[in-house]
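Here the protein sequences come in this chain order: V and X.
For the first sequence, the numbering used here gives the first residue as 1, with consecutive numbering after it.
For the second sequence, the numbering used here gives the first residue as 214, with consecutive numbering after it.
Incorrect hints may appear among the rest.
Here are some chain V residues pointing at chain X (derived, C-beta under 10 angstroms) [said to hold, decoys possible]:
1) G27
2) L43
3) E47
4) G54
5) Q59
6) D83
7) P85
8) A88
9) S178
10) G182
11) L199
12) F200
According to the in silico footprint, chain V covers these stretches of chain X (three or more CB under 8 angstroms from chain V) [as the list claims (entries may be wrong)]:
13) 285 to 299
14) 448 to 460
15) 594 to 602
The following label-pair restraints were derived from C-beta to C-beta distances [claimed, not checked]:
16) X:R466 / V:G138: 56 to 66 angstroms
17) X:K270 / V:D166: 26 to 36 angstroms
18) X:I604 / V:A187: 34 to 44 angstroms
19) V:P85 / X:P300: 35 to 45 angstroms
If you're looking for bench data, these hints aren't it; they were derived computationally from the structure.
C-beta: ideal position from N, C-alpha, C; glycine also.
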Amino acid sequence: MNAKRSTGPSHAIRADQRLIAAMVEPGSRVLDVGCGNGELLELLTREKNIDGRGIEIEQDRVNAAVARGLSVIHGDAEADLIDYPNSAFDYVILGQTLPEVRNPRDVLSELLRIGAHAIVSIPNFGHWRHRLHLLLTGEVPSVGFVNARWYTNPNIHPCTIRDFVDLCEEIGVVVERSVLLGQRGRASRFLGSGWIANLFGEQAIFLLSTRAR
Amino acid sequence: MSMSASEPKPAAAAVITAPHGHKVELGQDEPLELDSGQKLGPFTCAYQTYGRLNAAKSNAVLVCHALTGDQFVIGQNPFTGREGWWPLMVGPGLPLDTERYFIICANVLGGCMGTVGPQDPDPKTGQPYGLSFPFITIGDMVKAQAMLIDHLGIDQLFCVIGGSMGGMQVLQWAVSFPERVFAAVPIACATYHTAQNIAFHEVGRQAIFADPDWRNGSYLAENTKPRRGLAVARMAAHITYLSEAALHEKFGRRLQNRDQLIYDLQDLFAVESYLRHQGEAFVERFDANSYVYITRAMDYFDLAARHDGKLAEVFKGTKTRFCVISFTGDWLYPTSDNREIVRALNAVAANVSFVEVKSDKGHDAFLLNEPVMFETLRGFLNGAARRRGLIA
């Protein structure tokens with residue numbers, strides 16, 4: 001697959017990663033699922049002194065991350081999260097990859113089983129440009145990827161902000177905080193989290209926890 | 214053929230003489246209690262060191278050698294005259310940087326390069342132990358190494374590292390002495406020996422037993438040497454260290470010094486003479502009974518055996534930082550075996566890195582030039598050294 005994530009060079013910190021980092025308390029235990037080359041883990045280790053671990057599916061990225069001195073394993077969110085014990089981490093991070101997993105609902109539940117909090121960022125398929133793209137061209141947008149067609153991008157479960165919030169509601173996950181990213185990855189305070197957000201937010205980052213039982 | 218003990222023995226039966234290096238008598242106060250229940254000691258342990266131990270004694274790295282390896286990690290091996298077995302890994306500026314770390318490698322218990330083994334005299338009889346040498350395990354090897362580390366006055370090793378059987382020792386260290394291992398690097402290994410692993414070893418042992426010169430293990434006393442048996446054992450084992458792709462690339466169906474097929478049993482295919490050479494070279498440097506005892510020790514290995522097979526239990530509470538490395542072309546201890554280690558460590562949320570290196574060189578890849586292995590290992594060690602305060 002030649003689909004490339006349209007979020008800048010691989011060694012740069014993505015806009016959503018900066019905002020994710022801001023949600024993490026210093027000194028906490030963090031698992032980054034789909035950690036890539038380990039940019040976010042490195043940032044969190046440097047700036048927040050976290051005890052960090054990563055899982056990454058691409059072997060070359062795992063090697064690069066380990067070579068940076070990070071604790072990263074080669075693995076797959078859907079197959080390997082099951083190995084971790086309950087509440088092993090303060091935060092489990094899933095950046096951008098939820099639409100790419102086979103069973104987003106189970107993955108989301110797993111994140112909150114092994115972490116007290118989950119931080120999930122999603123590309124919003126409900127953004128007006130994607131809606132307009134489908135309306136005007138009749139083609140499914142390859143959200144988050146450049147030079148990709150519907151059959152080459154890895155998105156198998158596209159979702160909107162509204163879809164995601166509904167799923168959280170359904171499985172008893174509490175949205176403690178959400179940040180919307182508008183154009184050019186800037187955080188926006190004015191979009192709320194309702195239909196306006198769903199139309200104008202390009203990405204969303206959620207700080208999640210499980211409802212107290 | 215029998216000889217009185219006072220007569221000098223001819224070269225054929227010579228004990229493989231221990232090369233120069235460090236030697237220490239361990240277990241003088243308290244013998245080593247073996248897993249079999251037998252006691253051993255005092256016993257000789259031969260080891261080499263490279264680099265310098267710092268004042269805080271916090272920079273020591275224990276390198277664990279594989280089945281047929283020895284303590285001569287780098288530099289000229291004084292016995293074989295050849296270069297040590299890990300020159301690409303250990304040395305100034307290399308991942309195991311001798312300017313930063315104090316590297317220790319000891320010949321394993323049961324070995325034939327200076328540490329006590331079946332070829333050494335049994336203090337009770339004055340004759341070589343032969344088959345009266347006590348059976349040993351990977352756990353026993355590690356206990357003996359721990360006695361050496363005590364002797365060197367080191368509380369905690371910065372890192373324990375090794376491939377194959379060396380990797381098994383690394384895992385055993387992390388389980389037996391978790392607080393003494395800051396970082397652990399098991400390479401190309403497994404948490405237990407599978408039926409297939411045992412099967413290959415049994416072929417090797419049976420080849421030795423079938424050699425009439427083995428004399429039920431007392432070939433030294435009887436002045437013989439099971440050359441053919443040990444050579445065949447080595448040939449069979451050597452195949453398992455290479456990948457099919459590596460063998461094909463190196464030899465294919467090439468003929469040895471011939472243009473066409475011949476119809477008799479002389480050397481024909483290149484791969485045959487290569488294996489034969491491997492076997493012949495091996496018997497010059499290795500003791501057959503050591504081979505029997507050490508392969509047996511590997512076959513006994515099952516890290517989770519005392520925990521009802523629950524591997525995660527053995528790592529519970531570990532603070533050690535692990536880096537597990539496997540190779541795609543290794544079918545002796547494949548990635549799936551190494552991943553078992555990772556899964557168990559994840560199950561206790563341990564600090565673990567796991568890298569699978571793409572290589573078609575087979576199991577022996579860990580000894581060869583694999584830049585990705587060196588690079589990731591360098592990163593892992595630097596990260597650990599930073600945590601340990603060895604570098605800023």
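So, going through the hints one by one against the coordinates:
1. Hint on G27 of chain V is violated. Least Cβ distance to chain X is approximately 14 angstroms, over the 10 angstroms limit.
2. Using the Cβ-Cβ criterion of 10 angstroms, the hint placing L43 of chain V at the interface with chain X is not satisfied: the shortest such distance is roughly 15 angstroms.
3. Interface restraint check for E47 of chain V: the shortest CB-CB distance to chain X comes to about 16 angstroms, outside 10 angstroms, so the restraint is violated.
4. Taken as an interface hint, G54 of chain V checks out: its beta carbon lies about 9 angstroms from the nearest beta carbon of chain X, inside 10 angstroms.
5. Residue-level restraint check for Q59 of chain V holds (minimum Cβ-Cβ distance to chain X is 6 angstroms; threshold 10 angstroms).
6. Checking D83 of chain V against chain X by beta carbon gives a least distance of about 4 angstroms; that is within 10 angstroms, so the hint holds.
7. Checking P85 of chain V against chain X by beta carbon gives a least distance of about 6 angstroms; that is within 10 angstroms, so the hint holds.
8. Restraint check, A88 of chain V versus chain X: the minimum CB separation of about 4 angstroms is within 10 angstroms; hint holds.
9. Interface restraint check for S178 of chain V: the shortest CB-CB distance to chain X comes to about 28 angstroms, outside 10 angstroms, so the restraint is violated.
10. For G182 of chain V, the suggested interface contact is broken, since its CB lies about 37 angstroms from the closest CB of chain X, more than 10 angstroms.
11. Taking 10 angstroms as the C-beta contact cut-off toward chain X, the hint placing L199 of chain V at the interface is violated, the least distance being around 40 angstroms.
12. Because the beta carbon of F200 of chain V sits about 39 angstroms from the nearest beta carbon in chain X, more than 10 angstroms, this interface hint is broken.
13. Judged by the Cβ-Cβ criterion of 8 angstroms, the region 285 to 299 of chain X is not covered by chain V as claimed, because only 0 of its residues qualify and three are needed.
14. For the region 448 to 460 of chain X, the stated coverage by chain V is violated: 0 residues have a C-beta nearer than 8 angstroms to a C-beta of that chain, whereas at least 3 were required.
15. Requiring three or more residues with a Cβ within less than 8 angstroms of a Cβ of chain V, the coverage given for the region 594 to 602 of chain X holds, as 4 such residues are present.
16. Restraint check, R466 of chain X to G138 of chain V: a C-beta distance of roughly 58 angstroms satisfies the suggested window 56 to 66 angstroms.
17. Range check, K270 of chain X to D166 of chain V: Cβ separation about 59 angstroms, and the 26 to 36 angstroms hint is violated.
18. Taking 34 to 44 angstroms as the suggested C-beta distance range, the pair I604 of chain X and A187 of chain V conforms, at roughly 37 angstroms.
19. A C-beta distance of roughly 41 angstroms is found between P85 of chain V and P300 of chain X, which places it inside the suggested range of 35 to 45 angstroms.
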